[in-house]
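Q: First to last, the protein sequences are chains A and B.
The first sequence begins at 1 in this note's numbering and counts up by one.
The second sequence begins at 1 in this note's numbering and counts up by one.
Only true hints are included.
Calculated pairs, SDA-like style, for lysine to any residue (alpha carbon to alpha carbon, straight line, at most 20 Å):
| hint | chain 1 | residue 1 | chain 2 | residue 2 |
| --- | --- | --- | --- | --- |
| 1 | B | Lys191 | A | Leu73 |
| 2 | B | Lys191 | A | Ala106 |
| 3 | B | Lys256 | A | Gly148 |
| 4 | B | Lys256 | A | Thr201 |
| 5 | A | Lys71 | B | Lys124 |
| 6 | B | Lys336 | A | Glu177 |
| 7 | B | Lys191 | A | Arg117 |
| 8 | B | Lys81 | A | Pro77 |
| 9 | B | Lys124 | A | Leu73 |
| 10 | A | Lys79 | B | Pro82 |
| 11 | B | Lys151 | A | Ala41 |
| 12 | A | Lys79 | B | Phe208 |
| 13 | A | Lys79 | B | Lys124 |
| 14 | A | Lys128 | B | Lys191 |
| 15 | A | Lys71 | B | Thr156 |
| 16 | B | Lys191 | A | Leu108 |
| 17 | B | Lys336 | A | Glu151 |
| 18 | A | Lys79 | B | Asp166 |
| 19 | B | Lys191 | A | Glu107 |
| 20 | B | Lys124 | B | Gly45 |
| 21 | A | Lys71 | B | Asp166 |
| 22 | B | Lys191 | A | Tyr115 |
| 23 | A | Lys128 | B | Gly174 |
Among the chain B residues that face chain A by a calculated CB cut under 8 Å, a handful are:
| hint | residue |
| --- | --- |
| 24 | Gln139 |
| 25 | Gly174 |
| 26 | Val250 |
Hint data in this document are derived by calculation from the structure and do not stem from the laboratory.
A quick note: this is a predicted structure, and the numbers were derived from the prediction, not measured.
Heads up, the beta-carbon is just placed ideally off N, CA and C, and yes, glycines get one too.
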Amino acid sequence: MSDVPFKNPGWAGNTGDFDLTEDQVRGDDFVGTRPKDGGHASGAGAMPYMLASRDPEGPLFEGEYQERFDKILTRYPTKRAALLPALSLAQEIRGHVSPQSMDRVAELLDLSPAYVRGVATFYTMYNKRPVGRHLVQVCTNISCNLCGAEEVLQAFLNYTDAELGETSEDGNFTTIEAECLAACGYPTCVQINSRYYENVTPAEVPKIIEHLKTKGD
Amino acid sequence: MAYPYGSDREARVVSTHFGDPMQRRIDTYVSRGGYGALKKSFEMGPADVVDVVKSSGLRGRGGAGFPTGLKWSFMPKEQTKPHYLLCNADESEPGTFKDRELMRWDPHQLIEGCLIGAYAIHAKHVYIYCRGEFFEANQVLARAVEDAYAKGYAGTDIMGSGNDIDVTVHQGAGAYICGEETGLMNSLEGKRGLPRIKPPFPAASGAFGMPSTINNVETLCAVPHIVSNGGEWYRQWGTEKSPGTKLFCVSGHVRKPGNYELPLGFPLTELIEDVCGGMRDGNALKAVIPGGSSVPIINAEEVGRCSLDYEGCVAVGTMLGCASVIVMDDTTNIVKQVRRMVDFYAHESCGQCTPCREGSSWTAQIMRRIEDGKGAEADLDTLMEMTQQMVGTTICVLSDSVAAPVQSSILKFREDYLALMAAAEPAGVA
Chain A
1 MSDVPFKNPG WAGNTGDFDL TEDQVRGDDF VGTRPKDGGH ASGAGAMPYM
51 LASRDPEGPL FEGEYQERFD KILTRYPTKR AALLPALSLA QEIRGHVSPQ
101 SMDRVAELLD LSPAYVRGVA TFYTMYNKRP VGRHLVQVCT NISCNLCGAE
151 EVLQAFLNYT DAELGETSED GNFTTIEAEC LAACGYPTCV QINSRYYENV
201 TPAEVPKIIE HLKTKGD
Chain B
1 MAYPYGSDRE ARVVSTHFGD PMQRRIDTYV SRGGYGALKK SFEMGPADVV
51 DVVKSSGLRG RGGAGFPTGL KWSFMPKEQT KPHYLLCNAD ESEPGTFKDR
101 ELMRWDPHQL IEGCLIGAYA IHAKHVYIYC RGEFFEANQV LARAVEDAYA
151 KGYAGTDIMG SGNDIDVTVH QGAGAYICGE ETGLMNSLEG KRGLPRIKPP
201 FPAASGAFGM PSTINNVETL CAVPHIVSNG GEWYRQWGTE KSPGTKLFCV
251 SGHVRKPGNY ELPLGFPLTE LIEDVCGGMR DGNALKAVIP GGSSVPIINA
301 EEVGRCSLDY EGCVAVGTML GCASVIVMDD TTNIVKQVRR MVDFYAHESC
351 GQCTPCREGS SWTAQIMRRI EDGKGAEADL DTLMEMTQQM VGTTICVLSD
401 SVAAPVQSSI LKFREDYLAL MAAAEPAGVA
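Whenever a hint applies, use it, and build me the whole structure from the sequences.
A: What follows is the structure, encoded as structure tokens:
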């Protein structure tokens with residue numbers, strides 16, 4: 001984990017006054033990963049759902065995922081309130097939210113399929129169609145833009161050899177423009193699946209891509 | 001400790017432990033006095049907690065600056081139906097990056113603030129609506145809440161006091177408008193994040209139709225410190241009307257961008273020159289947006305007169321907002337940056353109100369035309385007139401946020417617009 005070959009203060013503060021290892025920032029001792037069953041019900045609805053490994057045909061709401069779904073339902077006074085967490089769960093398993101997934105969610109929560117589609121399409125984080133193994137979201141909003149975000153975006157497109165919003169031929173990368181990711185002090189900020197890469201310059205883009213290809217995350 | 005940079009001008013209250021991974025552990029947090037304020041609150045009683053927050057003069061840190069104690073006092077005193085406390089952690093105002101740091105470096109501080117707030121307003125359940133993109137913050141927070149339950153600081157009979165308060169971390173799914181309080185409530189309920197018409201105000205009918213109060217992350221993080229040390233203690237910083245400290249998120253063309261916690265009323269020039277190490281590459285300052293992309297831009301002359309508190313910003317024709325200071329040097333193409341902000345609002349408009357839905361995308365189109373060198377001076381009049389119709393005519397203030405950068409930039413940097421027109425090819429039609 002700590003051998004990431006580029007500086008990344010968002011995860012490991014090796015610039016400025018403070019020095020942290022990546023393990024200290026996101027290792028198991030301090031953050032770690034959440035269990036598939038959601039752990040304690042209080043946080044069961046707050047799980048990373050942009051993952052590299054996905055199964056587009058995977059069964060929804062079974063086993064540990066069913067457990068998590070049941071925990072989520074206990075936290076709200078209405079069933080409808082579980083809609084966003086349920087859609088997130090579907091995307092975590094399948095990588096995108098297909099019409100079939102939405103119908104299944106609608107059925108489980110006693111909502112109409114049309115309603116669920118209306119809600120799902122309102123939110124940008126639900127991928128309505130499959131994306132590459134790595135969804136690269138480059139912030140081009142003002143603070144990053146002032147510091148060269150457009151060159152970073154272009155570099156990702158060049159090095160992955162794909163058009164904006166399209167998936168590269170090897171199925172690895174989909175690059176899109178993102179709105180402010182709230183890391184404005186560390187421009188340019190790039191979110192790749194569940195992880196933030198900060199202070200990214202165009203020169204570092206090939207290193208990040210190589211890192212993703214070899215380490216997977 | 002500082003993260004990623006520090007300054008000896010800072011007055012750290014909520015950001016004391018930024019950059020210290022140990023602070024995320026509940027044992028460390030408790031050994032440093034954590035959850036002491038919660039215990040003290042239970043001894044004081046809800047009314048006294050509201051009073052101490054009122055006496056501190058703490059104002060909402062999410063942008064509007066509404067007095068927090070007063071907001072809490074609007075909640076019904078008797079609990080005839082469930083009350084809810086909502087924590088607005090859907091930080092997405094361009095230029096703002098404080099709440100994410102607060103959550104990922106000091107999650108228990110926020111949880112303790114939430115529990116005290118819930119106790120003060122007779123709520124039995126707190127929802128922390130955390131922005132969906134913040135997977136790391138979500139994980140840190142979920143783990144911290146889990147630990148708080150395990151150690152008896154959340155759930156039933158907290159610390160043997162007989163008080164029951166549940167905390168749930170709720171993850172958003174990517175929509176700027178869910179940072180608007182009633183939009184957030186709709187989103188929490190599993191609906192599209194469309195803002196609601198007020199009244200009814202949240203204290204009467206909020207989340208799930210029940211009395212609710214909504215506070216920003218930074219506001220709730222300050223609460224444990226105020227309860228522990230008293231209202232007067234908090235007033236040692238800041239001004240009479242804007243007491244206390246505030247996290248300033250500085251981004252753009254400065255040498256040391258980052259979060260700095262400073263007393264309110266701090267001079268903007270000193271923030272840039274002293275705290276942030278001055279302008280990048282020694283360039284001259286051109287413009288600053290002091291409160292996130294929704295507030296008017298100010299020019300270098302106004303920067304010199306601006307003190308960073310709620311009133312000081314109004315005095316130079318802008319707003320403090322959430323204190324997201326975006327600094328631009330003289331290499332900046334203002335038209336391009338304003339166009340980028342307008343594109344953002346056009347994308348994020350929820351589409352309920354016509355002036356915003358249509359106005360934001362028309363504005364974006366005209367801005368794009370000017371940036372491409374195909375604009376005419378009359379376009380500026382159109383922009384001014386159109387954005388004027390977008391102010392105060394919609395359910396929420398997203399529409400007003402489109403107008404702010406457009407109008408202020410045309411008034412203050414008109415020559416930048418005209419320069420793009422002068423460079424344009426003459427139109428084909430005479």
